[in-house]
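Let the sequences and hints guide you as you build the complete structure.
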Amino acid sequence: MRSQPNRFWLRAATALAGATLAASAQAFCGFYAGKADASLFNEASQVVLVRDGNRTVISMLNDYKGPLSEFALVVPTPVALQRGQVRVAEKKVFERLDAYSSPRLAEYHDNDPCQFNFNWGWNYYVSENQTQYSLRRHSPMPPPALAAARSDQEKSRDRALGVTVETQYTLDEYDIVSLSAQQSDGLETWLQENGYRVPKGASVALKPYINQGMKFFVAKVNLQQYNKSGYNTLRPLQFAFESEKFMLPMRLGMVNAPPDKPQDLIVYVLTRNGRVESSNYRTVKLPANMNLPYFVKPRFKDFYAAMFDKETRAEDYRVVFTEYFWDMSWCDPCVDNPLSPEELRKAGVFWVGGNADENFSAMQSSQAGQGRIALPAMGGGAQPVVLTRLHLRYTAASFPEDLALTQTRDRQNWQTRYVIQQPFSGSLSQCSAKLAKFNCEASCNERVQRIVDVRDPARLNPAFLGRDSQMLRQECLAACDGAKQRGLQAASNYYERDLPARLTREKQVLAQFTGWSISDIDQMPSSPAIKLGRRELGTNPGTNPSTSPGDQASPAPTWWQRLFGDSQPASKL
Amino acid sequence: MTAAAKTLVLDGAGPEMPSLHKLWRACLAWDARWFQIAFLASFLLLGALARDFALSFAQVLLTFASALCTQAAWQWGLRLLGRTQWSGYLSALISSFGICILVRAESLWVHPLLAALAMSSKFLLRAGPAACKSHVLNPANLAAFVAWFVVPGAWLSPGQWGADSLAALWFMALGGIVTQRAQRWDVSLSFLAAWAVLLAARLWWLDYAWNPGAAMWLQQISNGAVLLFAFFMISDPMTTPQRRSARLVYALAVALLAFVWQFVWFKPHGLIVALFAASWLVPLINWRWPQARFDWAGAKAQQRGAKGY
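Line by line, the protein sequences give chains A and B. Take 0 as the starting number for the first sequence in numbering that gives the first Met the number 0 and just add one per residue. Take 0 as the starting number for the second sequence in numbering that gives the first Met the number 0 and just add one per residue.
Do not take every clue at face value.
Straight-line C-alpha distance at most 35 Å; calculated DSBU-like pairs for lysine-lysine [stated by the list, open to error]:
{"hint": "1", "chain 1": "B", "residue 1": "K132", "chain 2": "A", "residue 2": "K90"}
{"hint": "2", "chain 1": "A", "residue 1": "K436", "chain 2": "A", "residue 2": "K284"}
{"hint": "3", "chain 1": "A", "residue 1": "K260", "chain 2": "B", "residue 2": "K132"}
{"hint": "4", "chain 1": "A", "residue 1": "K284", "chain 2": "B", "residue 2": "K266"}
{"hint": "5", "chain 1": "B", "residue 1": "K266", "chain 2": "A", "residue 2": "K206"}
{"hint": "6", "chain 1": "A", "residue 1": "K91", "chain 2": "B", "residue 2": "K132"}
Computed, partial: chain B to chain A, Cβ under 8 Å [as the list claims (entries may be wrong)]:
{"hint": "7", "residue": "D51"}
{"hint": "8", "residue": "F52"}
{"hint": "9", "residue": "A153"}
{"hint": "10", "residue": "W204"}
{"hint": "11", "residue": "M215"}
These aren't lab readings, by the way, just hints derived from the structure by calculation. Just so you know, even glycine gets a beta-carbon here, dropped at the ideal spot from N, CA and C.
Listed below in structure tokens is the structure:
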């Protein structure tokens, strides 16, 4: 178990009675053992969508793998984005969100079935307040759970094409243009003339967005800046705007896509209140909380990929799957630490830490990250951030409309969690040998002697009254023998009956959800070695104070300026 | 009349069929709400079993208990003549189904509270000229509106039906029979036609190509939520204008308002909101263009004093 849940339970300890705590602590005794992160899915686009009211911050991570000179990003936006509304984000934000919300495998361990419960003679003494000494019961098994300025010539060409360049600049490794257009074919021509490699026929897809009054955010890679930057991958672009539209213009990415070729999209939606779902497609939760065979542990990613594939095909790629929905102040089990307030702010969550304005100002100050603001401590007061992780596998034919979203008032945490119950690494013969080692004679002599030594009959457990030491000894030996037999029987039941039956059930579940055949499952390498799956924590991601210096001279910065700061583009329009 | 009904009637003319004909006639004599209840129950089952609605059995049970108790309390409290008859309780059942199908909540108290509110609104919010005075709001519509607008921990899930054209046909066929029985097929069809035209016009105006435009239109129009609304909510005879011409204009107005709300202002749940807003005008419309009031249980029940609660 990671530090976060521990702190959670400690808090619970102060609030609840001891008995309740004991019950709660057992609710998760296992710990994180594996995850199936986004890297698993080829060509999975990832989007972080932060939304509160009409304020929207979108970060897009593309998995572009071709020559950088051919990269072009065209995003329809409800408003023409001005300079301060765009910044280059960090890929790490995606990695952290992915790690935190990945489908997870929880691992529990069986107790040793070879129990030797020989309690005879233990509760021989009755204290004055009637409290009896007794053997502590073994704890029960955990529940199976489950650019440059434009010349006059260029401007006149723009007018001819019906394209208006609202703003144009270079931001780090990107050449960025915000534009509006009147005609889609004019826009397509403009893009091609200006060096953006857009697929032929894009105008057909661009047309409806133009007619909706939408503007375009266009980016290509500035190779000079890119080479200077030292980065070896394209970093995500993040933009902030206000709009009533709560949607993702995913259809544009389907231009020239084969109608039946599935693509993956993972959307991390961060909101203040409730779970987010699609308003124009069905949103369903993936099957979760099943018990899987223990030997699936090293193949957990394969399991998840197979199950996701089976589910998406069964739904004909027409469904949005929820993979995770959780209040971001904690997790259980934790695949990775919850995001720190700094990380959340980098992700675009502008309200984190209470007063959004104050936080934005702090981000602009040179003292950023020095802890001057009273941010909620992780695991402390609940942060008003909830994360919904949506995973779509769609085709151009199955998702004819852009993805429209709606925020519900659902606050019931949910996750794709799977359980493995590790068998106890022993055997019946080991149990037999262990029990045989126990010396009943010696133990009984000692216990009988303690009883005989009680002088005050009123203090002696009435069950032992009026017996001589010989009788007591015989009784004790019989009890010891019985305990050995019960232990052996329990071990026999466990190793020969319960464990095989449980494995059979778990294999059937595995077969049912993945579509794998039982014979294939039987051929998987069983792993008898029981190893702890505990992952060591990395460096605390919350301690990285790197934030861009802000423009403090601005008298009335907009909310996105306060969030992003002035990102100082290299050249201006 | 639907194709199925026609077939049965025609078959009934044959020498072997008089008994079937009789059965069909007997069916037609029933209160149309029995049909509605059967159909809504099947939709709820379809949703719960095949569309994994986020709805618990306890929520369903509490909704029904609350709606029936509230209905009984008002009927007995007001000493209404129809308190011992089935009639009033049928509406409570229908409203309960509607609430269960539309509203989602994370707690157990939301559904019964909405059911109680919806049923009470039938007794508290009454208006219109004396000849056709009735409740103003469709109870399920009120419940859905309140759930979306104000209730903590409650929400509507318009995407829950997905877009399955087979399901759409199923809805159409069943809804057609029911509304035909309820004499309000005109509202359903005029609304659906208006909605379909508005959606198509939008796609045409935005200049979508045939592909994906046609698929988009089909997805939008065949949404279970749209069909449920058309056949089981806006078609409520108690809360629609009594005169047919007024009713048709009313259906068009609701479709237009919902369209503007959803596609011009980009606000959610256009249909629910538009009907909620338009319902307040119905008493005025009935007052301006009067016509005899509709009564669910027919003339017989009217004689007994059931006032269409």
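ask   = Going by Cβ atoms only, is B/A153 closer than 8 Å to chain A?
value = At 6 Å from the nearest chain A Cβ, B/A153 passes the 8 Å test, so the hint holds.
ask   = How about B/D51: closest beta carbon in chain A under 8 Å, or not?
value = Because about 6 Å separates B/D51 from the closest Cβ in chain A, which is inside the 8 Å limit, the hint holds.
inquiry  = Quick check on B/M215 please, does its C-beta sit within 8 Å of some C-beta on chain A?
reply    = holds (5 Å)
task = Given the hint that A/K284 pairs with B/K266, test it: the Cα-Cα distance must not exceed 35 Å.
result = Within the cut-off at roughly 25 Å; holds.
inquiry  = What's the verdict on A/K260 and B/K132, does the C-alpha distance respect the 35 Å limit or exceed it?
reply    = violated (58 Å)
inquiry  = Check whether the Cα positions of B/K266 and A/K206 lie no farther apart than 35 Å.
reply    = holds (23 Å)
message = Can you confirm whether the C-alpha distance between B/K132 and A/K90 stays at or below 35 Å?
response = violated (64 Å)
inquiry  = For A/K436 and A/K284, compute the direct alpha-carbon distance and say whether it is at most 35 Å.
reply    = Outside the cut-off at roughly 52 Å; violated.
ask   = Keeping to a limit of 35 Å between CA atoms, is the pair of A/K91 and B/K132 held or broken?
value = violated (64 Å)
inquiry  = Using the nearest Cβ pair, does B/F52 come within less than 8 Å of chain A?
reply    = Check failed: Cβ of B/F52 comes no nearer than 10 Å to chain A, outside 8 Å.
message = Does the closest beta carbon of chain A sit nearer than 8 Å to the beta carbon of B/W204?
response = Hint holds; B/W204 Cβ to chain A Cβ min 7 Å, cut 8 Å.
In the structure shown, a violation is registered for the earlier hints numbered 1, 2, 3, 6 and 8, in ascending order.
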